[in-house]
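Kindly generate the complete structure, drawing on both the sequences and the hints.
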Amino acid sequence: MARLIGIRIAQGLLTLLGLIVLTFLVQFVIPGDPVRMLAPRTPSAEVAQRIRAQLGLDRLWWEQLGRYLIRVAQGDLGESYVRRQPVARLIAGRLPATAALALAGVVAEILIGFPIGVALALSSRLRRWLSGLNLILLSLPTFVIGLALLLALGFGARLFPTTGGAGLRELILPALTLGLAGTPWYAGVVRDRLEESLGSAYVRMAVAKGLPNRWILFRHCFPHVFPALVTMAGMDLSAYLSGVVVVETIFGWPGIGLLAVQGMQTLDRPLVMGTVLVGGAAVVLLNGIVDMLRMVLDPRTREGLG
Amino acid sequence: MAPITIASGWPIEARRSVAIGGALVGAVGCIALLAPWLGDPYYQDFAAGLSPLGLPLGPSPAHPLGTDTLGRDVLARAAFAGRVSLSIGILAAVLSLALGAAVGMVAGFYGGFLEAFLMRLTDIGLALPTTLAGLALTALLPAGPLRPVAIITILFWAYPARLIYNETLRMRRRGFVEAAVAMGEARHRILLRHVLPHLKTLLLTYAPMNAAAAVMMEATLSYLGAGVPLPTPSWGNMIGEGQGALAFAPHLFLAPAAFLLLTTMGLLLIAEGLKQAHPGERRFSWLAL
Amino acid sequence: MRTIVRVQDLTVAYRHLRVLKDISLEVKAGEILALVGETGSGKTTLAMAIARLLPPGATVRGRIEVNGHDLYAMPAAAVRPLRGRLIGLVPQEAMAALNPVLPVGAQVAEVFQTHLGFSASEAWARAVEALARVQIPHPERVARLYPHQLSGGMRQRAILAMALALHPPLLIADEPTTALDRLTQGEILALVRQLQAESGMAVLWITHDMGVVAALAHRVAVLYAGRLVELGPCSKILSAPAHPYTEALVRTYRDLIAGGRGEPFYAIPGHPPSPGQRPSGCPFHPRCPYRQDRCRERFPEPLRWGERMVACYFPRGDLG
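So the protein sequences, as listed, match chains V, H and F. Be aware that the first sequence starts at 1, since it is given in the numbering used here, and climbs by one per residue. Be aware that the second sequence starts at 307, since it is given in the numbering used here, and climbs by one per residue. Be aware that the third sequence starts at 596, since it is given in the numbering used here, and climbs by one per residue.
If you're looking for bench data, these hints aren't it; they were derived computationally from the structure. Heads up, a few of these hints could be off.
Stated by the list, open to error - Away from chain H, derived, C-beta distances all over 10 Å, residues of chain F:
hint	residue
1	Pro651
2	Thr654
3	Glu717
4	Leu790
5	Thr847
6	Trp900
Said to hold, decoys possible - Examples of chain H residues toward chain F, derived with CB under 8 Å:
hint	residue
7	Met477
8	Gly481
9	Phe590
Unchecked claim - Here are the simulated EDC-like cross-link-like pairs (lysine to aspartate or glutamate), alpha carbons at most 20 Å apart as the crow flies:
hint	chain 1	residue 1	chain 2	residue 2
10	F	Lys831	F	Glu902
11	H	Lys581	V	Glu196
12	F	Lys623	F	Asp604
13	F	Lys831	F	Asp804
14	H	Lys506	H	Glu473
15	H	Lys581	H	Glu421
16	H	Lys581	V	Asp76
17	H	Lys581	V	Asp192
18	F	Lys623	F	Glu902
Positions of the beta carbon are idealized from the N, C-alpha and C atoms, including for glycine.
Below you can see the structure in the form of structure tokens.
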């Protein structure tokens with residue numbers, strides 16, 4: 001167990017290191033001159049040289065990589081070309097809003113996806129309709145779902161604000177959007193694990209013992225679904241932390257996604273790369289935590305802990 | 307004990323699913339092909355294309371899907387956008403699948419250092435936050451119609467790579483590759499003649515799903531202003547333009563969204579049908595007793 | 596003695612596959628009936644049909660009564676509470692039949708909670724008693740363990756404790772000892788005999804092992820390719836089998852016991868037929884040394900004498 005956790009952590013760190021190197025490479029190796037982004041109009045050769053020296057662009061590439069790694073390790077993600085502020089501070093300022101939205105999105109996903117998954121596994125009558133709903137949700141990119149909700153519930157029914165902001169009322173539609181986008185996946189996993197459980201030998205034994213169906217479902221089947229459910233929620237939390245870009249754009253939610261879009265529009269490379277790095281780190285970290293949580297939840301691997 | 311399974315042949319629902327999906331994709335494809343005969347997507351008709359108040363027009367015989375805020379014909383734009391979105395989406399889907407399959411096969415088949423290196427790379431690819439990385443690549447790569455193709459390929463290849471790697475590894479462990487090696491066949495010949503044919507079904511069912519995801523990704527990138535540059539229409543940037551008119555002209559959002567939905571739904575139906583065509587097992591519930 | 600199980604003209608099919616054909620037998624209170632047959636002979640299907648636990652999609656014709664209840668004439672909802680109370684089931688593969696994420700004690704206790712409405716703590720105490728009854732050492736401790744922490748024999752005993760928790764008049768056991776070593780197997784068999792003698796329940800024991808039959812059964816039913824070919828008291832069947840298939844089974848068993856005398860072991864020639872390709876007439880005829888033309892044409896009418904039954908045109912030995 002401890003060995004497994006060790007391997008998992010090492011794997012995560014390696015992936016993270018790779019991600020950092022990758023962000024470095026694309027920033028500094030792919031053509032495109034950052035100097036032009038920083039300098040006023042066309043810089044003289046002398047000014048350009050000074051900016052280069054300032055950014056360390058005149059050094060050898062591996063020396064730059066080393067300095068980059070050290071800086072990232074210290075939490076320094078560079079300075080925004082456009083806003084002239086440390087990228088780390090800009091991102092940190094936006095992180096709480098994004099975290100709140102991601103969390104709300106996962107909650108919405110569970111509240112919608114779990115019952116649908118259970119219904120898909122249990123009811124042949126509802127299966128047709130719910131499969132159709134799943135197919136439609138699966139076929140729509142998140143931003144279309146968001147705009148459709150905005151159209152129907154914001155402009156149509158006038159239930160929710162359409163102007164953006166960071167309050168609780170403003171949170172509902174974006175969270176619902178994320179939840180609906182994740183629902184078919186979540187429901188699919190719930191259905192899959194539940195069906196596996198319903199056809200298993202231990203459920204047949206439970207039936208043979210004469211237990212009521214509801215009892216079997218709650219005591220025997222749901223615990224079988226639970227680990228997969230946690231995995232899925234954790235993975236989606238990380239995906240949402242990094243991937244709420246479109247939802248934040250649509251609903252004007254001031255998180256890191258909105259920051260990244262603005263960075264992209266102004267070709268502010270350090271800012272955009274910073275968000276990629278933070279997002280990637282969130283994915284790696286949360287996936288690692290989820291893996292360990294799953295090990296702890298399963299009594300077959302858990303005993304090694306005690 | 308594994309859940310008891312009941313074998314069954316290619317079910318009728320599977321064939322129906324593929325047929326409906328094919329028809330949907332085919333219909334959208336036809337409209338895209340007919341685009342030049344459906345009108346000029348760039349002609350801004352400020353006189354007849356807008357209402358007296360200067361607002362977009364709803365559907366009419368002259369403009370079956372109405373006009374946009376610049377008086378352009380929405381159907382013509384959506385049809386042209388179909389050419390752009392479909393070709394970018396499908397090209398990127400093919401490239402990412404080919405790249406991923408190659409990486410997964412080589413890593414799973416040859417093993418050793420190559421396996422370790424390629425699969426670490428795949429892990430990084432899987433850890434990339436898709437949309438954020440898409441934006442970052444947009445800021446880095448030169449603009450042009452090939453930029454979204456490159457971005458989607460870079461963002462998507464790792465998923466099929468992981469899938470194909472697992473499958474190839476399973477085959478290697480099953481031992482018949484070793485048998486072929488013992489028979490004196492060259493390794494790369496085994497890869498192409500024994501391993502690849504076994505992966506065909508998997509690749510075939512993954513392809514339409516990948517295409518649907520690629521079309522959606524293209525739309526997302528264009529919507530965020532990271533796709534093909536304006537004024538070239540794509541479904542994503544049409545939706546982006548329509549967003550501002552959501553309150554008074556929702557058809558500017560609904561029309562391109564409908565085209566997008568029909569395409570991706572068609573592709574997913576094909577994928578669903580192909581998956582059911584090779585049924586592994588049908589499960590049932592003991593609670594039904 | 597009271598009849599606990601009465602099976603009449605039972606035929607079971609999965610879609611077009613006929614698994615059982617025209618089975619009739621009885622199990623009385625206080626007796627152990629061993630159901631013997633090769634893999635694919637339909638013995639598990641027969642056991643599950645009696646418990647009304649066949650997978651959906653199976654069609655059942657005929658009549659099955661358990662303790663006076665016609666199980667297939669009742670709605671599913673009425674059968675549900677009877678399971679466990681009326682029939683205790685010990686399925687194949689104890690490991691798979693136990694829920695891996697619940698302690699075994701909880702899996703015994705839930706029977707008391709649902710059937711008798713006991714509180715969780717009362718039910719737990721009863722579960723510990725039930726585990727003690729199947730001679731599990733330190734039942735308080737074992738009750739808290741998860742299935743993967745138990746040995747194969749302990750798992751089997753835990754399942755037995757669940758099956759017998761409500762003292763059902765019928766126990767159905769489907770090859771429960773096959774995966775165990777001989778020593779543990781012997782312990783379980785002795786335990787079942789003792790529990791059966793104490794409670795007077797009827798036991799339907801499914802096995803392909805003639806050694807188990809000899810050690811346990813009062814009566815034996817022999818199943819071949821979905822047909823009941825012989826039925827009778829255990830001692831008679833072992834000493835004077837009437838059906839050529841039973842004769843072959845007994846002979847292979849004798850050879851195993853007496854093995855090592857330099858003579859080659861006897862093995863039945865050919866292979867058991869799969870349910871999809873069963874021979875016409877008597878299904879054993881392709882492998883039977885005594886076969887004649889009529890064996891190919893029609894399945895023989897069962898011959899009955901005394902407590903015995905055999906379905907063969909040319910039964911072995913003296914039927915007197």
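We went through each hint and held it up to the structure:
| no. | hint | result |
| --- | --- | --- |
| 1 | Pro651 | violated, 5 Å |
| 2 | Thr654 | holds, 14 Å |
| 3 | Glu717 | holds, 27 Å |
| 4 | Leu790 | holds, 26 Å |
| 5 | Thr847 | holds, 28 Å |
| 6 | Trp900 | holds, 39 Å |
| 7 | Met477 | violated, 28 Å |
| 8 | Gly481 | violated, 26 Å |
| 9 | Phe590 | holds, 5 Å |
| 10 | F:Lys831 to F:Glu902 | holds, 10 Å |
| 11 | H:Lys581 to V:Glu196 | holds, 18 Å |
| 12 | F:Lys623 to F:Asp604 | holds, 18 Å |
| 13 | F:Lys831 to F:Asp804 | holds, 17 Å |
| 14 | H:Lys506 to H:Glu473 | holds, 11 Å |
| 15 | H:Lys581 to H:Glu421 | violated, 28 Å |
| 16 | H:Lys581 to V:Asp76 | violated, 47 Å |
| 17 | H:Lys581 to V:Asp192 | holds, 15 Å |
| 18 | F:Lys623 to F:Glu902 | holds, 13 Å |
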